[in-house]
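If you read the sequences in order, they're chains G and V.
Position 63 (the first sequence) corresponds to 63 in the working numbering; numbering is contiguous.
Take any residue in the second sequence, note its place counting from 1, add 1000, and you have its number in the working numbering.
Take these hints with a grain of salt, some might be off.
[To be verified] Not the full set, but computed from the structure, chain V residues with beta-carbon under 7 Å of chain G:
| # | residue |
| --- | --- |
| 1 | Asn1053 |
| 2 | Gly1059 |
| 3 | Asp1100 |
| 4 | Ala1104 |
| 5 | Trp1124 |
| 6 | Leu1155 |
| 7 | Thr1156 |
| 8 | Asp1158 |
[To be verified] Calculated cross-link-like contacts (lysine-lysine; reagent style BS3-like; alpha-carbon spacing at most 27 Å):
| # | chain 1 | residue 1 | chain 2 | residue 2 |
| --- | --- | --- | --- | --- |
| 9 | G | Lys91 | G | Lys108 |
| 10 | V | Lys1180 | G | Lys108 |
| 11 | V | Lys1188 | V | Lys1119 |
| 12 | V | Lys1089 | V | Lys1188 |
| 13 | G | Lys91 | V | Lys1119 |
| 14 | V | Lys1086 | V | Lys1188 |
| 15 | V | Lys1188 | G | Lys108 |
| 16 | G | Lys102 | G | Lys91 |
| 17 | G | Lys91 | V | Lys1180 |
| 18 | V | Lys1089 | V | Lys1180 |
| 19 | V | Lys1086 | G | Lys102 |
| 20 | G | Lys102 | V | Lys1188 |
[Claimed, not checked] With the C-beta cut set under 8 Å, the calculated list includes, among others, these residues of chain V facing chain G:
| # | residue |
| --- | --- |
| 21 | Ala1109 |
| 22 | Ser1122 |
| 23 | Thr1145 |
| 24 | Leu1191 |
It should be emphasised that the hints constitute simulated quantities derived from the structure, not laboratory data.
The beta carbon of each residue, even a glycine, is placed where N, CA and C say it ideally should be.
In case you want the letters, here they are:
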Amino acid sequence: MMSQIMEIVIAVHIVIGSAFVLVGSYGLIRLPDLMSRLHGPSKATTLGVGGCLIASVLYFTASEGRLSIQEVLITCFLFLTAPVTAHFIAKAYLHTHKDCPKALPLPKGEHNWSTFDKKPS
Amino acid sequence: MAEQQEDCQSDTFSDKHDVKHDAKYARRGWFVRLLPHPLLSLVLICLWMALVNSFSVGGLLVGTLFGMLIPIYTAHFWPDRPRIRKPWKILSFIVILVFDVFIANVQVAYLILFRSPEKLRSHWVVVPLDVCSAEGITALAATITLTPGTVSSDLTHDGKCLLVHCLDIESEEETVRRIKDRYERRIKAILS
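All chains should be built: construct the whole structure from the sequences, respecting the hints.
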């Protein structure tokens, strides 16, 4: 049996989590170009999914009476994969936009950004 | 400084280390062959136990089996192990990271909802790197993507500079200084 307080805590976590996911998705339509759109899903959703997963941990811990840590794993995997996905989308953007090498700031040192540079010998 | 840079290049971005590593690997004793990456084994066992979600001796045995087999078969993918010199500093880094991810979410949510898209000052920023190892750069790039208004996009071939896209920034110097001081310094302290 779950107490009233526990149910309220779980509900609050779910509501906060889904609110962040909603804002992140809204950012996809609102922001002007691809690179700024990347900011929405790569960050706003990590907290959103995190909130829902904390609610899940609390729910199964309270209802089954034992600690459930599978959800923590999902959070860990999300933290590992979200930056990689964002990086790949950014790379795709750099490849497809022809004006990119000129629009980017030049790095210090002799090598250019690896997307546009030849492989060093 | 020159010596350090030399060290960076030979350490991370050369193709020669495979041969060197194979020779080193062949010279190792039976214990190292059986457990080429003890830390990875431990992480895999913990991962398996968390996936099973309940403790049993059978589950632990299967987990240990995977924890031993996977590092043996993937040993060649790990030519250079990151040497974690100060593991206790990882904990404080994770606490700061979680806190910053929380702040980042609130900030980005605020920008999306209340700032008109035309007023966003989005910029490309170049972050010169002091971290040399591939693992350190990966950790830093992932941290940058997860934290306030920044996404890491590209790296130079020599691994000296990182291209970062910022959603809304006051000044470039300030952003670079914050990244270097808050995250890179800590990652460097963990790895060296």
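Cross-check of the supplied hints:
Residue-level restraint check for asparagine 1053 of chain V holds (minimum Cβ-Cβ distance to chain G is 5 Å; threshold 7 Å). Because the smallest distance between the Cβ of glycine 1059 of chain V and any Cβ of chain G comes to about 13 Å, over 7 Å, the interface hint for this residue is violated. Annotation: aspartate 1100 of chain V was flagged as interfacial toward chain G, and the flag is violated, the nearest CB pair being 10 Å apart, outside 7 Å. The criterion of a C-beta within 7 Å of any C-beta in chain G is met by alanine 1104 of chain V, whose closest approach is roughly 5 Å, and the hint holds.
For tryptophan 1124 of chain V, the suggested interface contact is upheld, since its CB lies about 5 Å from the closest CB of chain G, less than 7 Å. Nearest Cβ of chain G to the Cβ of leucine 1155 of chain V: about 6 Å, under the 7 Å cut. The hint holds. Against a cut-off of 7 Å between C-beta atoms, the interface hint on threonine 1156 of chain V holds, since the closest Cβ of chain G lies about 5 Å away. Hint status for aspartate 1158 of chain V: holds, given a least beta-carbon distance of 5 Å to chain G, under 7 Å.
Pair hint lysine 91 of chain G plus lysine 108 of chain G holds up; C-alpha atoms about 20 Å apart against a cutoff of 27 Å. Distance check on the hinted pair: lysine 1180 of chain V and lysine 108 of chain G sit about 16 Å apart at the alpha-carbon level, within 27 Å; holds. Taking the CA atoms of lysine 1188 of chain V and lysine 1119 of chain V, the gap is about 36 Å. The hint is violated against a cut of 27 Å. Distance hint between lysine 1089 of chain V and lysine 1188 of chain V is fulfilled; the C-alpha atoms sit about 10 Å from each other, no more than 27 Å.
With a C-alpha separation of about 25 Å, the suggested pairing of lysine 91 of chain G with lysine 1119 of chain V holds against the 27 Å cut-off. Restraint check for lysine 1086 of chain V and lysine 1188 of chain V: the C-alpha separation of about 10 Å stays at or below 27 Å, so the hint holds. Of the supplied pair hints, the one linking lysine 1188 of chain V and lysine 108 of chain G holds, its CA atoms being roughly 21 Å apart against a limit of 27 Å. A distance of roughly 15 Å separates the Cα atoms of lysine 102 of chain G and lysine 91 of chain G; the hinted pair therefore holds under the 27 Å criterion.
This hinted pair checks out: lysine 91 of chain G and lysine 1180 of chain V have alpha carbons roughly 23 Å apart, not beyond 27 Å. Between lysine 1089 of chain V and lysine 1180 of chain V the CA atoms are separated by roughly 17 Å; this keeps the pair inside 27 Å, and the hint holds. Proximity of lysine 1086 of chain V to lysine 102 of chain G is assessed by CA-CA distance (about 42 Å); at most 27 Å being required, the pair is judged violated. A threshold of 27 Å between alpha carbons decides the hint, and for lysine 102 of chain G with lysine 1188 of chain V the separation of about 32 Å lies outside it, so the pair is violated.
Among the interface hints, the one on alanine 1109 of chain V holds; its C-beta lies about 4 Å from the nearest C-beta in chain G, closer than the 8 Å criterion. Interface restraint check: serine 1122 of chain V against chain G, minimum CB-CB distance 5 Å, threshold 8 Å, status holds. With a cut of 8 Å, the hint placing threonine 1145 of chain V at the interface with chain G holds, because the nearest CB-to-CB distance is about 4 Å. With 8 Å as the threshold, the beta carbon of leucine 1191 of chain V stays out of range of chain G, its nearest partner Cβ sitting at about 18 Å, so the hint is violated.
Consistency note: the structure conflicts with the earlier hints numbered 2, 3, 11, 19, 20 and 24.
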